[in-house]
Structure formats: C-alpha cells, structure tokens
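S.K.: Letter by letter, the chains look like this.
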Amino acid sequence: MFGYIVQRILAAVPVMGFVALFVFLMLRLTPGDPAAIIAGDTATPEQLQRIREALGLNDPLHIQFITWIGNLFQGDFGTSVISGKPVIELIAARMEPTISLALTTIILSVLIAVPLGVIAAWKHGTLIDRFVMLISVLGFSVPVFVIGYLMISLFSMQLNWFPVQGFRPIGDGLGQFLHRIALPTFTLTLLYIALIARITRTSMLEILGDDYIRTARAKGLPERLVLMRHALRNCSVPIITVIGIGFALIISGVVVTESVFNLPGLGRLTVDAVLARDYPVIQAVILLASLIYVVINLLIDIAYVLLDPRIRYS
Amino acid sequence: MTLPLDLKRMPGRIGAGLRRTGLSAAVLAAATMVAAPLSAETLVAVKHSALRVLDPILTTAYMSRNHGYMIFDTLFALDESMTPQPQMVDSWTVSDDGLTYRFTLREGLKFHDGSPVTGDDVAASIARWGERDGMGQVLMDFVESMGQDGDNVFVMNMKEPYGLVIDSLAKPSSNVPFIMPKRLAETPSTEPIPEQIGSGPFTWVEEEFQPGVKAVYAKFEDYVPRDEEPSWSAGGKVVKVDRVEWVVMPDDQTTLNAIMAGEIDYWESPPSDLLPVLEASGELEVRNLNVLGYQTIMRPNALHPPMDNPLIRKAAIASVYQKDVLDAMIGNPDLYSLCGAMFVCGTPLATDVGSETLTEGNGQDLARQLLEEAGYDGTPIVIMHPTDVGTLRTQPVVVAQAMRDVGFEVDLQAMDWQTLVGRRASQAPIADGGWNMFMTNWVGADVFNPLVNNMVNGKGPDGGWFGWPDVPELEELRMAYATSGSLEEQQEIAAKIQEVAYDEGVYAPIGQYFVPSAWTSNLEGVLDGPAPFFWNISKN
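Protein chains in written order, with my numbering: chain A, 616 to 929; chain B, 4 to 543.
If you're looking for bench data, these hints aren't it; they were derived computationally from the structure.
Hints may contain errors.
If you want the footprint, here are the derived chain B segments under chain A, 3+ residues with CB under 8 angstroms [claimed, not checked]:
(1) 56 to 65
(2) 101 to 110
(3) 188 to 201
(4) 209 to 215
(5) 252 to 259
In silico DSSO-like pairs for lysine-lysine, Cα to Cα no more than 27 angstroms straight-line [unchecked claim]:
(6) K185(B) x K162(B)
(7) K217(B) x K50(B)
(8) K700(A) x K243(B)
(9) K113(B) x K243(B)
(10) K738(A) x K834(A)
(11) K222(B) x K700(A)
(12) K185(B) x K222(B)
(13) K113(B) x K162(B)
(14) K462(B) x K499(B)
(15) K162(B) x K243(B)
(16) K700(A) x K185(B)
(17) K700(A) x K462(B)
Think of the CB as a built atom: it goes at the ideal place given N, C-alpha and C, for glycine as much as any other residue.
Can you make the complete structure from the sequences, with help from the hints?
M.R.: Structural data, given as structure tokens:
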C-alpha cells in the first residue's frame, strides 16, 4: 500500500509538469494583453510596449516558461501582473471561503443524501422512493443560480433570517461564519443531495438483490444491520467516489454560487484572473486545481482499500 | 462509517430527526439572526468594477482614478461650472510675461506618513504625470523647468506662454495630476508606485485590501479641508465617516438585494433595467451624479483598406442614427441624449458641427453616395464585438446593421473585451489579425476638450491613438487650442477640430448616456462630479 502511494505521488509529477506546460502555452496563445489592462483605455501603443517590457512579457516564451518553472521549484508562484500582489497571498486569501463552502456542502449533503438514498432503495417503488427521486431530479434540473435567488428571496428578503451576501471567516466567530455560509451551502447542497442520493440508491438497489443479503435476512439479522453493515458498506465505493469528485469540483471553483452569494472564493479569483489575463494567477490556480484532483483521487483510492478489503494495490 | 439510524423505526426516527434538525436550524438561525450591524461610520459601496491597479498615473482605469481621489489630492480641481479652483494651492501668481508660475501651497498639508507636502513633491508628481497623460505631455512640452522655492512654493517656468496651465493641473479624469511624495513620484511611470501614501482625505488600509474583493479607506485625521463648500472635486473635502469600504459584487441581482436589505449603502452603477426596481423601493435615492455622463463612440481604423479611405469612414458614420444605438443600448430616453458634440454636450466646447446625420438619422442616402464615390468594392469591414461587457455588446450589432443597410459588407467578430483590448493595439493588416472598427465608451470628462480627447489626435501610426488617423491639420489645431487665450477662441478652434474630424471620419460619438447611482436614504451629502467622491457624505 505504501509503495502504491509513493508510486502514485511520483506519477503525479509528470502530470503536473504537463499541466504546467499546457496551461502556460494555452494562455500565451490566447488573445489579450495584461499590459493593455494595466495601462487602461487611453494608453498609446508606445506606453503599452513600455509596460510589456517592464512586465517581461516581451521576453521569448521559453525564457518566460523557464523563469516561471524555476521560481515554482523555489516555492515562488510569482506576482500578479495586475495587482502586484504575490500570487500565493491572493490564493491563500481565497482558500477559506472555498474550502468552507466545500466542507459544509459535502458534510450536509452526505448527512442528508446517504440516508435518503438508502431509504429510497429500501422502500423501492413506494411513494418515499418517488419522493427522493423527485428531489434528485429537481436538484439536477434547477440551475444553481435559480435556487440561490429563491433562497435569498425567501430566507433573506422575506424572512430576514440570513444575510443576502458575503463571507465571514471562522475567526470572526462561529455564529457569524455559519450565518453567512448557510445559504450558499443549502443552495449547493440540493445539487449534491441529488447526486449522492441517486448514486446511493442505485448502488443499494444492486446490492439488496444479492444472495448474501437474502442470506443475511434469512439468518434473522435485524434489518438495520442488513442495510448498514452488509448493504451500505458494500456499495460505499461509488458513493465515496462521487463525494470525492464533488468535493474537488467545489474546491476548483463554483463560480455561479460564489457570484450569487458574493463569496470571495477561488472560482471568482480564477474568472477575474482569466478576464484580466493575469497569467501568473491563472497558472497557479489551475496548477492548484490539478493538484487537488490528484490528491483527492489518491485519497479516494486509499479509501477504497479501507472500505472494501477485496481491493488490493500492488 | 456508521450512521445513527435505526432503519426499522425509520419513519419515526426520521420525523424526530427532522424535528431535531429543524429545531437545530431554528436555534442556529435565532442565535445568528442578528447580523453584525454595519458601523454607523462605515460606508459600504459597490463600485462599477474591481480595483486592481493602485497607481492612478500608471493606468487610466477609472477605478484607479477613483482610488486616487480617495488618497491623493490635487493642486487644482474643477467645480460644477467646470472652472478650475485651487485645492492644495493657497494662492498663485503668473509673471507678466506669462513664463513663471508660482504656486503657494496651503498651510498644514501633510502626507499620510506625517511628512509635509513640499514643492519638490509637487514637481516630481507633475513630472511623472506629464510622462503618462496626454494633456500632461502637452503641458510638459511648454515647461522649461519645475522645482520648489522654499518648502511650500512650487515654481513652474515655461518656455513660452501656455494658456492651459491651470486647466491642465485641474484635469478631472484619467490621468488626474495627483500629488504624491517625491520618493514615490520618482518611480518610473511604467512601474507601479510601491506605497499608497498621499495627502488626500482618506488613508489606504493596505492590510484589508483584497484585489477583486474589497478595498478599504480610513479617514485621514490630519487632513486639512478647504473652507469652501464642496463642488465637484473642488472645495472642502470634509470626511464625515470613519471608513469607506469598496466591495465588489459580480452579480447585479445580488447587489440589488443587498442594497434593499441595507447590507450596502451605495451602488455606483446599477444597470438601467434595475433602476425602476430601485426607484420603486421608496427607501433609496437614485440620481445621476455625473452630468457629463458617458460618450459611446465608433472608431474606424485608418490604416487598412477599405477604411484607409476617408470617404468610406464617413459613409460608415453617416449610416448610423444615434437613437437606434441608444434605444438598443439604454432603452430609457431619460437616460440618454442624442449628441453629436465630440467634446460632449453640456460643456463650453459643445457644438453640433458636422453631426447632423448622427442625430437626425438622415444619412443613409449620403452614405450610399459616399460609398459609390469611393468605389467601395465590397471588402468586408471587420468590427470587433465584445460580448462580455454589458455596455459595449449592443453598439456593434446596431452599427453593423446600419452599415449593411447602406451597402457595406460587415464581418462582426465576437470576442471578449480583453481580446479586443489586445487586438486593437495591432497595426497589422486585417488578414494578420488587424481590424477595421471597434466601439467603446468614455467618461465625459475624458473627452471634453481637444487635448484630453484621444480620438481627435491626428498623429497617425506614430503617437496616435488606436485607429491612427494621420491628419496633420488636427495636430495644428490642437496646438492652436493649447495656446489659445480666451474661451471664445477655444470654442472656435474646437468647432474647427470637430469639423475636420468628421470630415476625415476619424471617429463618431454614437450617443451620450447617463448612469445614475443609488444609495440608501440614510446617506446625506452625496456629491455630483465627473467621478464618484466619498467626502462630504454622512451616514445617519
């Protein structure tokens, strides 16, 4: 197992290298010029050239790439060409809202969706099952921004329970933190409930028809033990996979949710950087997102082993 | 992982669980229901864009200009009659030969780091601004030397008399001649200044700055405001709140909800379609603060066929009717006006010379005639169409259709604004990524005279603005304007410039429009001006 983990980590290195090169080249091939954004509308072409020169944007591509990679190996992600702030500082400032939203969403989703999926499978074909499926279809079908606006309209504007927008770090107090993160969490949770509940239900349905479940029931085991110990545990692999990928998706940016609730997260940072052609920021954020996917996939694989003893990595 | 479920008793447990969850949610909601009240002394404003570049001399971005007005001060400033008034200057004299200006600074002016403002600081600041700004560059052409004479006297020696010295120093929009400490002003004008130290009414709160999220300013306790009533950027800049926070909200609907819920105090540029909702709320003030508004323009590229032919450029301009553009772009006639004045309607230099077809919509026959006269061969006109900016995505479509209606072939190329900004700098032929035309918008104060209006620059490919018309007569007229001695003379020259510019088809205003701001009714003292100002506002 340890060897497998080391092997996976080593395998991630060329993946990250390829991502770095790909992102770098794609950005340079994309039309647009950060110097023009810095200089503003009234800048003359001569002024633009001078700013490009000062930013090093006139250097040959391979020099720019080598400089960037060299700095990366020294832990230096560079400086935003637009704001002049260190990229690592910009990303760090945006991590808390995004990670907070990811954690609260996934935790709430799992707490609600897994039981719902189990119940739906257990009561397959009944009104309960159809109700769970209805929620799933709605969660998938209704765009997140619509749910967000409805939440704001009801809970913020009508009932005045929650603020319309904004984020408070957990350091400002748990109450303030939860108060601000609640609505975006509820909004995203609907989507993830739909996703996780469906996967749970489908997996459970497959398992519940297996011989060993019938055997367990024939032995007289309580239904709770049949479902929890024998069925749910055996269908946990796809559920864990979906949860992991869902978490990575949120971390790598949920721009719409962040925009609707004015959360200063990584998604907005990415969009702003792309629109401003802020190359160092875009490169760093995409590399970070790739790293997150690699790590989460690795954690999912490790979780497989823990949850299903039949799975072995050599 | 184990779940706390007894599935045999699930319905009951679910019910209980749900009840518990509901109860928990209610408890949580009750515990946290009272949001942290915004301090009565903190004014929260949603701006039109994010503040990214902090150096208002390095860039012409309006957010950077607005930031500059918060932390820097100016020697002179325009009042609401567009007359320059002293701001940092206490008194000034001009020698009889018009070659020496002596400006005595007001007593007690100091920077945010506590150091006094000196003539040397002023000289270095004006020199840096003069490297970047068009009007400043013209001023510098006339300046022999600058320096201080005693700590608080700034002296400017001219090579020859120049009539627009004070007007230049009172320039209200990008780039504004802000005064900063000499050590910052000595930063090369192609690099950002390393610190935000000014002598303006607010100080910069660096530790709370998050680009794209929030910018924070605190009242500068040692600021010495003038005694006069505030008027535009002139007069006393009395700060009546402790802090001002500029926050970025990427979603207009969220901003609307936030201001109606009282979470923000001020919204600089609400979209026109939301104005009726804001006005109907009864708890918000909605008013246009910038009487000059914005000028939306079409700019042909004079370098490449077929638009290297002035007749073709004129034909394109003649095909357009401003009302069609503005109806599509703004919709509400209360928020726009038909205006063919290149130097903006409502200014002393406004004139309708040469603009009849734009404001009357009767130029289609003329356009066809011009196309025939020019021998237009059907070469497609490449119009760059930015689809990601609400205030810029409509005009190209309307103009393209108007041009097609009179016989143009038009290639409307969709792109994002930043792609356009990069591509418009290219002087390459069309086949190599060049372009024939684009549209953009200007704040009125950035185009309100021939020196600040980049589009009537006739320097061509070397020194001109994007589009690069090579019209020496325009440059002669601009220089005549710079050295003119009276308003009447300036008006006469400006009218001539406009006539030549239309005749050469260098550009066309395709409408003037206004963007009201909205604020909560507990704010008092919101000022009119060419830029949003945050002094004089109190929050009750």
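S.K.: Now tell me if each hint is right for this structure.
M.R.: Hints, verified against the model:
no., hint, verdict
1, 56 to 65, "holds (count 6)"
2, 101 to 110, "violated (count 0)"
3, 188 to 201, "holds (count 4)"
4, 209 to 215, "holds (count 3)"
5, 252 to 259, "holds (count 5)"
6, K185(B) x K162(B), "holds (24 angstroms)"
7, K217(B) x K50(B), "holds (10 angstroms)"
8, K700(A) x K243(B), "violated (31 angstroms)"
9, K113(B) x K243(B), "holds (19 angstroms)"
10, K738(A) x K834(A), "holds (21 angstroms)"
11, K222(B) x K700(A), "holds (24 angstroms)"
12, K185(B) x K222(B), "holds (23 angstroms)"
13, K113(B) x K162(B), "violated (31 angstroms)"
14, K462(B) x K499(B), "holds (17 angstroms)"
15, K162(B) x K243(B), "violated (44 angstroms)"
16, K700(A) x K185(B), "holds (23 angstroms)"
17, K700(A) x K462(B), "violated (37 angstroms)"
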